[in-house]
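K.L.:
Residue numbers (this note's numbering): 1 to 443.
Accuracy of the hints is not assured; some may be wrong.
Said to hold, decoys possible - Each pair of labels, with its calculated beta carbon distance range:
1) 266 to 372: 48 to 58 Å
2) 240 to 8: 50 to 60 Å
3) 110 to 190: 38 to 48 Å
4) 131 to 240: 47 to 57 Å
5) 101 to 11: 35 to 45 Å
6) 381 to 313: 27 to 37 Å
For the record, the hints were derived by calculation from the structure and aren't laboratory data. Every value quoted in this text rests on a predicted model; they were computed, and no experiment measured them. Each residue gets a CB set at the ideal place from its N, CA and C atoms; glycine is no exception.
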Amino acid sequence: YFEKKIAKGQGLIGQAWIEQNPIYLREVPADYASITSGMGEATPSCILIVPLIVNGDVLGILELGAFKDIEAYKVSFVEKIAKDVASSIAATRANEQTRVLLAESRGKTEAMERQDEIMRKNVRQLQDTQNVMRRAQKELATKEANLDALINSTPHAMIAFDLSYRVTAINKAMRQRYLERGVDLILGNNMLEAMAEEEIERHQHEYKRVLAGEKFVKLRQSEQGEKQYFYLLNYNPIKDNNGKVIGASLFIEDISQQQLAQMNLKETERNLKSLINNTEDAIVAFNRAYEVLVVNDKYKEKYKDHPLRMEVGANMMDFLEKGHEDEWRGYYAKALRGESFMQLRDETVFGFKPKYKEYWFNPIADDNQNITGVSIFLRDVSEARTSERRVRQLLLESLESEEKLRRHENDMQKRILNYEKRIQDLEAQLKMAQDSLNLDNEE
1 YFEKKIAKGQ GLIGQAWIEQ NPIYLREVPA DYASITSGMG EATPSCILIV PLIVNGDVLG
61 ILELGAFKDI EAYKVSFVEK IAKDVASSIA ATRANEQTRV LLAESRGKTE AMERQDEIMR
121 KNVRQLQDTQ NVMRRAQKEL ATKEANLDAL INSTPHAMIA FDLSYRVTAI NKAMRQRYLE
181 RGVDLILGNN MLEAMAEEEI ERHQHEYKRV LAGEKFVKLR QSEQGEKQYF YLLNYNPIKD
241 NNGKVIGASL FIEDISQQQL AQMNLKETER NLKSLINNTE DAIVAFNRAY EVLVVNDKYK
301 EKYKDHPLRM EVGANMMDFL EKGHEDEWRG YYAKALRGES FMQLRDETVF GFKPKYKEYW
361 FNPIADDNQN ITGVSIFLRD VSEARTSERR VRQLLLESLE SEEKLRRHEN DMQKRILNYE
421 KRIQDLEAQL KMAQDSLNLD NEE
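Please model the complete structure; the sequences and the hints are all you need to start from.
P.N.:
Pasting the structure below:
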C-alpha cells in the first residue's frame, strides 16, 4: 500500500468528504489513478467514491474503480457496506479511547500509590540523610587531611586561588617561598596583597589568562649570584561540575638541573656536529630501524641529487644504491650482527677519473653491549689508489729495467772474461816471443 495525504475539498475524494455524498463517475480522466496488477496497469472506466459516515462525521472514504459500469444494486450494496465499515471504525476508536482512559486511570492510581510510598521513603531518607551528612563530614575531613598530606609530599610549590585571588589551598613549599620574602601566606589570604607591585605587574596577565579558562605553561629563569635557576610554572583553571571557572591552581617546578643538563647536551651536540663536519670523512649513523641518528655535511653531499633529503630521521633503506640494493642490505645486516669491517668500492663512472671509496662499518652498542645501530665512515681513497697503481707500475718498470741491466751486466762480464783471456793469450805469446828473442841473442 502507499500513503498519501488528501486535504478536505481536494479532488474527488475531498469533494465527497465535504458533501458527505457518494460520487459515481463514468468519465474518468486519463491521468487519474490506474488499476495495477501483475499483468500491467490501466485507467478504470468508472469510479465510485463513498464516504464512511457515522453521526454526521466522515471517518474515511471508500474508493472503487472498475473497467465497466457498476450496476445500481452494487452501488447500493457498497453504500450499505460503507455504513458498516464506518460503524466498525467508530466502535474501534471508541474502544481505543476507553482503553486509553482506563490505562490513564490505572496509571494515576499507581502514581498515587507510588507517591504515597515515596512520601514514606522521604521520611526514612530524611533520617538517613543526617547520618550520611555526618559520615560525609567525617570523610571530608579525612579527604582534606589526605589532600594536605598529598600536596605537601611533593617538592613542587603549589597554590590554588578563587576568582577574588583568595587562597583556597597552599602547600608547605609555596608557603616557604613566601616566608623567605617575609610574608606568611595562609588559607583565606588575598595572594595579590602578599605580592610586591612589580611582581603583580609581571604575573597579573598570567592570572587573568588562567582565570579566563586557559591552561598553559611558562618557563622562568632567575640568577642568584653566579648560579642560574629555571622554573616551570603550570597554570590550570579550576572548574565546577558545569564547566564554569571558579578558580585556578599554580604548580612551580624547579627544573634547573634538567635545563642545565639540556643546555649541556645541546652544547655537546653542537660540538659533535662541529667535530664531524670538520673532517674529510663522510659520516652517518642509524639505529636498528635504519633511521638516521647522525649525519654530517659530507655524507649529505653524497645524496644532494637524490629526490629525498638525507637528514636525521630519514630511512637508510630509501637511499640504497640502485642495482646494488642486496649488497648494501648485506653490509647493514653484517654490521648489525656486531661485525666491524671495511668495504672498498669502485665507484668509477665511465669516462671520468677513477673513483675509489672505503666504507668503514662499525656496530654501535649500548651499556649492555646490545647492538643498537651502525656507524659508517666514508673515505675517498681515489688519489691513494691511483698513487698506489702508479707506484706499482713504476715498480714493474723498475724491475724490468733491473732485469735488462742484469742481462747487460752478464754480457759485459762475459766480454771482460773474453778480453782477459785474449790478453792472457797475448801475454803468453809475447813472452814466448821474448824468450825466443833472448835465445837468439845469446847465440
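K.L.:
Now look at each hint and say whether the structure bears it out.
P.N.:
Each hint tested on the structure:
1. 266 to 372: 48 to 58 Å: violated (22 Å)
2. 240 to 8: 50 to 60 Å: Given a distance of about 56 Å, which is inside 50 to 60 Å, the answer is holds.
3. 110 to 190: 38 to 48 Å: violated (58 Å)
4. 131 to 240: 47 to 57 Å: violated (27 Å)
5. 101 to 11: 35 to 45 Å: holds (36 Å)
6. 381 to 313: 27 to 37 Å: Taking Cβ atoms as reference, residue 381 and residue 313 lie about 30 Å apart, which means the hint holds.
Hints 1, 3, 4 from the earlier list are contradicted by this structure; the remaining hints agree with it.
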